[in-house]
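Peer 1: Sequence:
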Amino acid sequence: MNDIRLSKWKFHYNDCPDAWYKDFDDCSCEEVTVPHDWSVHMPFSKEYSSGTGYLAGGIGWYRTEFYLPEELKNKRIYITFDGVYKNSQVWCNSYHLGKRPFGYATFRYDITSQAVFGDQVNVISVKVDHWDISDSRWFTGSGITRKVTITAEESVHADYNGVFFTAPKVDKDNADILIHTTLLNESSQKAEITLSHHLRYDGKTYLTLNTFHSLSAGEKKQVTSEGNLLSPKLWSVEEPSLYQLVTEIKAISAEDSYESLQRYETMVGIRSILFTPDKGFFLNGESLKLKGVCVHHDAGCLGAAVLPSVWLRRLERLKEMGCNSIRMSHNPHMPELYDLCDAMGFLVMDEAFDEWENPKNKWWTGHNVYPPRHQGYAEDFPLWHEKDLTDLILRDRNHPSIIMWSIGNEIDYPNDPYCHPLFESMTGNNDKNKPAAERMYNPSKPNAERLSVLSAHLTGIVKQSDPTRPVTAAVAFPELSTYIGYIDPFDVVGYNYKEQWYEQDHKRFPDKPFLGSENSHSLSAWKAVRDLEYISGQYLWTGIDYLGEAHGWPVRGSSAGILTTAGFEKTSYFRRKSFWSLTPFVYISTAREDKEPFSEANKHEREWKEMHRSYHYIPGESIEIRCYTNLPFAELFVNNKSLGRKAYNDNLGYIPFTLPFEAGELKAYAYTDAEAHKESASDFLHTNGAPCGLELKCWSPEEKLLTFNKDYISSILSYDGLLLKQIEITVVDGEGYPCHSDSTLLSVSIKGGTLLGLDNGNLSDLREYSSSERRVYNGKLLVYAVVPEEGAAVLTVTGNCLKEENIIL
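Those letters in the sequence shown? Residues 1 to 809, by UniProt numbering.
Since the hints were derived computationally from the structure, they do not count as laboratory data.
Incorrect hints may appear among the rest.
To be verified - Just the calculated beta-carbon pair ranges, DEER-fashion:
no.: 1; residue 1: PRO554; residue 2: ALA690; range: 24 to 34 angstroms
no.: 2; residue 1: LYS172; residue 2: ARG200; range: 18 to 28 angstroms
no.: 3; residue 1: PRO554; residue 2: TRP384; range: 50 to 60 angstroms
no.: 4; residue 1: GLN222; residue 2: SER770; range: 11 to 21 angstroms
no.: 5; residue 1: ASP202; residue 2: GLU259; range: 21 to 31 angstroms
Stated by the list, open to error - Simulated crosslink set (DSSO-like; lysine-lysine; CA at most 27 angstroms straight-line):
no.: 6; residue 1: LYS172; residue 2: LYS22
no.: 7; residue 1: LYS646; residue 2: LYS710
no.: 8; residue 1: LYS127; residue 2: LYS99
no.: 9; residue 1: LYS221; residue 2: LYS463
no.: 10; residue 1: LYS220; residue 2: LYS75
Beta carbons: idealized from backbone N, C-alpha and C, even for Gly.
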């Protein structure tokens with residue numbers, strides 16, 4: 001049986017004490033599609049927490065029905081939730097199955113004894129309790145935010161997440177293969193079975209491993225299959241080759257015939273990873289800098305209910321920029337995101353927690369606006385941390401993209417909550433507007449030495465389930481943490497924003513590999529990685545803007561990303577591309593020239609100056625042009641008049657020009673050397689006229705993205721016979737040039753489909769996300785629409801003084 005996906009649910013907001021009961025009348029409940037996040041369907045209000053994006057939490061109930069055919073009566077039946085935020089309780093046919101507090105955990109229940117078959121209906125009821133909306137430093141969402149599936153298995157089967165593929169020794173000629181399988185006999189009789197693993201690539205089997213086993217009734221046994229693969233196709237960033245591991249369990253009858261019991265398919269990759277103290281990171285024996293970004297799990301107007309194709313578009317943009325690594329901040333993410341990283345060639349730091357047994361500050365009325373609140377995962381850590389962490393490792397350990405496990409983010413942040421007598425003599429990353437008491441040693445707070453005990457404990461939990469990958473954590477305060485044993489258990493040490501300690505601590509800990517686990521977008525932070533061979537890489541905070549962690553009303557999210565919540569590129573995206581990408585390119589950005597000349601005193605301010613794509617100023621006023629390029633020379637033209645060819649300035653990170661504004665066209669040509677006659681890259685920018693039209697483009701992935709794993713990517717995006725369309729709208733003038741500064745209000749409607757949301761990337765826009773109207777921001781708007789796989793839908797967009805446009809989806 002193929003998995004049954006439970007997508008159609010009834011939803012009731014607020015508590016409903018009898019909704020667990022199978023025969024409860026849910027006719028008045030709202031019909032919703034899972035994944036579902038009720039928070040983003042609520043209005044923004046400053047009465048809610050700034051930390052979680054000024055959106056409501058509360059209590060919600062979900063109910064759904066499904067039928068199971070009679071032939072499944074002798075099978076084991078399971079229901080799997082990829083994520084429910086949070087404090088979920090689940091019932092099947094009025095039977096309570098259990099609870100799971102952690103909103104990012106994937107979990108499943110055995111419903112074999114509760115399920116009914118044939119024409120009898122099964123009812124699943126789920127209570128979600130997210131009343132404590134100041135439970136996080138960022139937006140979490142509320143509800144069944146990830147997919148739900150029903151699975152049927154034989155009584156003799158592999159345990160949940162019980163197939164573990166490893167390749168302990170790999171080179172281009174050979175790969176040693178070890179496959180650990182946990183077998184389970186839930187029948188009342190002894191079982192004689194054969195276990196087969198087939199390693200397939202592009203439809204052809206390259207390796208088959210067969211073993212025979214005897215399982216007594218109720219027995220659980222771990223077995224290992226070993227083999228050697230010749231000339232393996234190695235998984236890499238450039239060529240993410242994936243094998244299909246087909247696992248089959250067959251029963252051996254008295255006549256020595258074989259009856260198929262169970263079949264599993266797992267996508268795996270063969271690669272070697274190595275972090276070294278002196279030379280950095282190696283993938284398949286080749287040195288590689290990790291050019292990474294941190295991401296949170298939300299997607300703007302969709303909240304936490306994100307479909308995989310949203311991530312495909314985002315990851316494509318990041319890949320084009322030169323990004324090769326993703327840090328899953330600061331919790332387990334949806335399973336499909338890891339699948340896409342496998343298929344697209346991203347390296348992953350998989351992170352478990354943002355806090356352990358003591359809570360961090362949670363901001364209610366703006367970042368660092370006191371007093372804070374202290375709800376969060378610390379309430380569940382004592383009882384649940386081992387299961388939550390183990391379940392993450394077991395779920396994700398077959399992903400070739402994952403190269404390290406992070407057990408925590410900034411757990412050691414000073415006075416938040418851990419403290420230590422050494423803190424008196426330390427200066428660290430305390431924000432300047434904190435009260436004086438927060439800058440001082442406070443003996444009443446938890447002692448930071450406790451962290452060394454916990455870091456060793458959690459590292460041990462990881463190693464029990466996966467000894468093949470290094471363990472790390474994102475260290476916030478190495479000035480203290482390196483003296484109290486906190487980093488001692490880590491195989492790799494990650495520093496957040498502490499590049500100034502790299503050289504000293506590399507000498508203090510010569511056996512430890514180091515990397516930047518969270519970094520600013522500054523040029524100096526990148527140079528610390530680029531110029532120090534022993535630093536494995538960096539992870540920018542962040543790759544994409546996110547909801548929550550807001551500094552104060554009406555801003556409802558963080559603009560730390562290089563992509564907006566709508567997935568549109570900021571100027572900082574192209575700056576970063578000039579640092580990371582190997583594909584020749586040049587990009588023009590503009591701003592009014594500063595009155596004060598450049599100096600060391602204003603260097604930092606100039607670096608963060610807001611640059612624009614618009615070329616629309618007062619005639620004659622002095623304009624600063626920054627050409628971001630990965631080539632050593634660029635020449636700028638204004639209306640075909642050259643301003644000369646200039647060299648890249650490594651102190652600035654770009655090629656600067658100044659000129660008096662003259663309406664028309666800017667052209668930039670970039671060259672490999674000062675005398676080259678043929679440019680290697682070019683860019684154009686025009687002074688736009690009045691807005692009068694709309695350009696509608698339905699996004700689809702570039703063909704080069706689908707060179708590898710095209711069919712697998714298509715399977716990841718499958719959504720119950722529906723397709724998610726992402727329509728990028730640009731306001732243009734009469735000649736078709738983008739109006740980069742426009743903010744026209746647009747109205748969107750659809751026939752033959754459903755609007756999921758409109759996102760412009762403006763984190764100060766307080767219009768409800770459920771609205772079918774929204775202003776463009778910087779001349780752009782993104783529309784999410786769901787349409788059937790067969791048939792056509794028509795999207796219509798209108799705006800004041802703009803020509804109506806339609807697009808067939």
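Peer 1: So, for every hint listed, does it hold in this structure?
Peer 2: Taking the hints in turn, this is what the structure says about them:
As the Cβ distance of PRO554 to ALA690 is approximately 29 angstroms, the hint placing it in 24 to 34 angstroms holds. At roughly 20 angstroms, the beta-carbon separation of LYS172 and ARG200 lies within the given 18 to 28 angstroms, and the hint holds. The beta-carbon spacing between PRO554 and TRP384, approximately 36 angstroms, falls outside the hinted interval of 50 to 60 angstroms. GLN222 and SER770 have their C-beta atoms about 49 angstroms apart, which leaves the hinted 11 to 21 angstroms range violated.
Roughly 30 angstroms separates the CB atoms of ASP202 and GLU259, a value that falls within the hinted 21 to 31 angstroms. Distance hint between LYS172 and LYS22 is unfulfilled; the C-alpha atoms sit about 57 angstroms from each other, more than 27 angstroms. Only pairs whose Cα atoms come within 27 angstroms are accepted, and LYS646 paired with LYS710 is rejected, the gap being roughly 42 angstroms. For the hint pairing LYS127 with LYS99, the CA-to-CA distance comes to about 9 angstroms; that is within 27 angstroms, so the pair holds.
Our distance criterion of 27 angstroms between C-alpha atoms is met by LYS221 and LYS463, whose separation comes to about 19 angstroms. Taking the CA atoms of LYS220 and LYS75, the gap is about 18 angstroms. The hint holds against a cut of 27 angstroms.
Hints 3, 4, 6 and 7, counting from the list given before, are not met by this structure.
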